[in-house]
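There are 2 protein chains.
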Amino acid sequence: MAVGLGPLSTLHPVPGFELGIASAGIKRPGRKDVVVMRCAEGSSVAGVFTLNAFCAAPVTLAKQRFLGEVRYLLTNTGNANAGTGEAGLAAAAQTCAKLAELAGVAETSVLPYSTGVIGEPLPVAKIEAALPAALADLAEDRWAEAAAGIMTTDTLPKGASRQFVHDGVTVTVTGISKGAGMIKPNMATMLGYIATDAKVAQGVLQDLLRDAANKSFNRITIDGDTSTNDCCMLIATGRAALPEVTQASGALFAALKQAVLEVSMELAQAIVRDGEGATKFVTVQVNGGATHQECLDVGYAVAHSPLIKTALFASDPNWGRILAAVGRAGVANLDVSKIDVFLGDVCIASRGGRAASYTEEQGAAVMAQAEIGIRIELGRGTCSETIWTTDLSHEYVKINAEYRT
Amino acid sequence: MAVGLGPLSTLHPVPGFELGIASAGIKRPGRKDVVVMRCAEGSSVAGVFTLNAFCAAPVTLAKQRFLGEVRYLLTNTGNANAGTGEAGLAAAAQTCAKLAELAGVAETSVLPYSTGVIGEPLPVAKIEAALPAALADLAEDRWAEAAAGIMTTDTLPKGASRQFVHDGVTVTVTGISKGAGMIKPNMATMLGYIATDAKVAQGVLQDLLRDAANKSFNRITIDGDTSTNDCCMLIATGRAALPEVTQASGALFAALKQAVLEVSMELAQAIVRDGEGATKFVTVQVNGGATHQECLDVGYAVAHSPLIKTALFASDPNWGRILAAVGRAGVANLDVSKIDVFLGDVCIASRGGRAASYTEEQGAAVMAQAEIGIRIELGRGTCSETIWTTDLSHEYVKINAEYRT
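Those sequence lines, one after another, are chains A and B. Letter by letter, the first sequence follows residues 1 to 405 of this note's numbering. Letter by letter, the second sequence follows residues 406 to 810 of this note's numbering.
In case anyone wonders, no lab produced these hints; they're calculated from the structure. The C-beta atom is built at its ideal place from N, Cα and C for all residues, glycine as well. Any given hint could be a false lead.
Unchecked claim - The calculated SDA-like cross-link candidates involving lysine to any residue, where the alpha carbons are at most 25 Å apart (straight line), are:
id, chain 1, residue 1, chain 2, residue 2
1, A, K398, B, H799
2, B, K743, A, Q64
3, B, K803, A, I399
4, A, K338, B, Q469
5, A, K27, B, T764
6, A, K398, B, E766
7, A, K126, A, R28
8, B, K432, A, A356
9, B, K743, A, E86
10, A, K398, B, Q774
11, A, K338, B, A498
12, A, K338, B, E491
13, B, K743, A, L51
14, B, K468, A, A332
15, B, K803, A, T283
16, B, K803, A, A365
17, A, K338, B, L494
18, B, K803, A, E395
19, A, K398, B, A775
20, B, K803, A, T279
21, A, K338, B, L456
22, A, K27, B, L494
23, B, K468, A, G330
24, B, K803, B, I777
25, A, K398, B, V771
26, B, K743, A, G119
27, B, K743, A, G85
28, B, K432, A, K398
29, B, K432, A, T359
Claimed, not checked - Computed footprint of chain B on chain A, listed as stretches where at least three residues anywhere in the stretch have a Cβ under 8 Å from a Cβ of chain B:
id, segment
30, 48 to 58
31, 74 to 88
32, 309 to 315
33, 320 to 327
34, 343 to 354
35, 385 to 398
Extracted from the complex, chain A is given alone in its bound form:
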């Protein structure tokens, strides 16, 4: 059902960043379900993590450790190690300790990531048994295999890569993500891993990732539910022969920022395109807001409205439902007479009512497409926000109603 998502494009290796895949047989024998990533010594690491108060054991540990020295990222699918309390924390720490022992690094330099069923004990022994094979598999050209290795309910692997040249030196930014399962916290979680060979001070790297995430991973929504395990990591190995980026300015910083943003947006949008039950890829753009927050409030009111999402599924250009969602978004002193709504390039509502020029045929033509843009002009200021989402289909209900029964 993935909307406009093809096979993986070329994922350029990132010098100083290796990936290895193995099978622990967590959900079924033979499935590649353990991915180990090795960061070159001296790498700096940034991370953004779920805001869910019930964050899973691996998230707690990764948050504690990512500001120290980071040498390995250990990811398993099939079990989220969430809702598992103190025992879950101990289990996550134990798998990290085992990897540290095998690799000869400090225990705290290994960060854990888990995605899968909530509330079941992490199968520590199975994961530990798979670690030697994963370590033996480590290589810089294993991005595609790793993209497949972190999949759960995803129907396609997700990756993106950019390169740019600065002072004659090629810099690479490559990333992978998973997360059709974002709509299934049970099976769970959006994960993203992006690496670059640029050398970047941790504080700058963290700001760079946060900004990129706020325009990508934090702007996608399928059903408004947030997983207990969501994480996105950005690793800078520093192997490119360029000076360290220590400030958020200059040509190298600007080029890197753009590349990280493009990779993040492609990875995030791929998750929406692969949303379970999705038949449409929908871009909700809100312009003319007095604040960014009110743009987001309006955007999410539209993106989360089951009435709009079912209308999108039915290819029904239902301008009344869109206006009603804008109206209930809680924007203070909203002057509806200034609001215009566009479906693609077609103005469907103007000054608070149906646009005089609008015909149902125009709207139906836009709605018949697999990729649909909804643009809302608030006429209150200069702020804009963009959110990506899907429709709400029979398939969504079927998948989520039947997942455990």
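Chain A is fixed; fit chain B onto it per the hints.
Same frame as chain A, but now just chain B:
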């Protein structure tokens, strides 16, 4: 599909409040689609209205007029007169003026209410032509007919009635509502009309209605969408031989408040029970909050989660989805180790994880029922809130996807 909703119970007439029904043929010939209500001279009237910024023309007019003298309420189905701009306001005013002329009262003492399709011009001539028949039909014992007359997509009429005796005088509180269509802003709208023969000062009546609505109409949600036309009115005719209630205290006030609350809750819950596609009636109770707002935030996060709603449809006791929703509700400094979650009387999650005593069989037994309680104990304070909602079924998607196509 209505869950636990039977035929109308006895709706006691309210002295001084008459109802008349007629057919204007707005959507189809012969359908009873116009309801006129007459309030005795000297009645006081309270109202609560949609907070949607795109409020419909009749709502704008009713809000302007309800604090003055009110003699007639004029309701039509089949057309919401919403998204219709200045022309819509003029059309609403015109139907009111016609009724005022026929009845010999001031134009501003007539309040309009509309529910139905958004964005189509109100068929003023058809409504005007039906007014003489509606006026001729006015009687105090026409509550059941009026309950049917305001229905749109409702499968059953909704009414509730209470009586109590104060100082030997019987006081009646009777009301009707409609609103399966709350989940369909197109077809639209929750409407509620409650009348009592007690004599109540307007300020006291308004507070009384607002309090009751905040425990009933404002605590029900099917899909989080709010109509452009929602209204609830409370009329006090003053025909009971008792002193006027001028303060929010005393035995008469307390008895009246309780009766209005019970009628409001029954009417509001009936709307949820008749929610389109509903197969479950779900009570979400949040206790132990530090503030009422955080209880509501948690309650709505649970009640609006498509993942929980599909699990309810599938009778799947999915405690992980409930914990994840609580965790993402945005409660500051939420200590998950203090949270317990109950399904009916069964503790399914305790201290942030699966309860040690819990078995899937216990949860499945609760989920198999048509009426399900989810109780969340936050362990932070003494505030509580209760919200009523439904599950999310195949039928919901079908109805809303196919409504206009």
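> Okay, which hints does this one fail, numbers in order?
Replying inline: When the structure is compared with the hints, numbers 22, 28 turn out to be violated.
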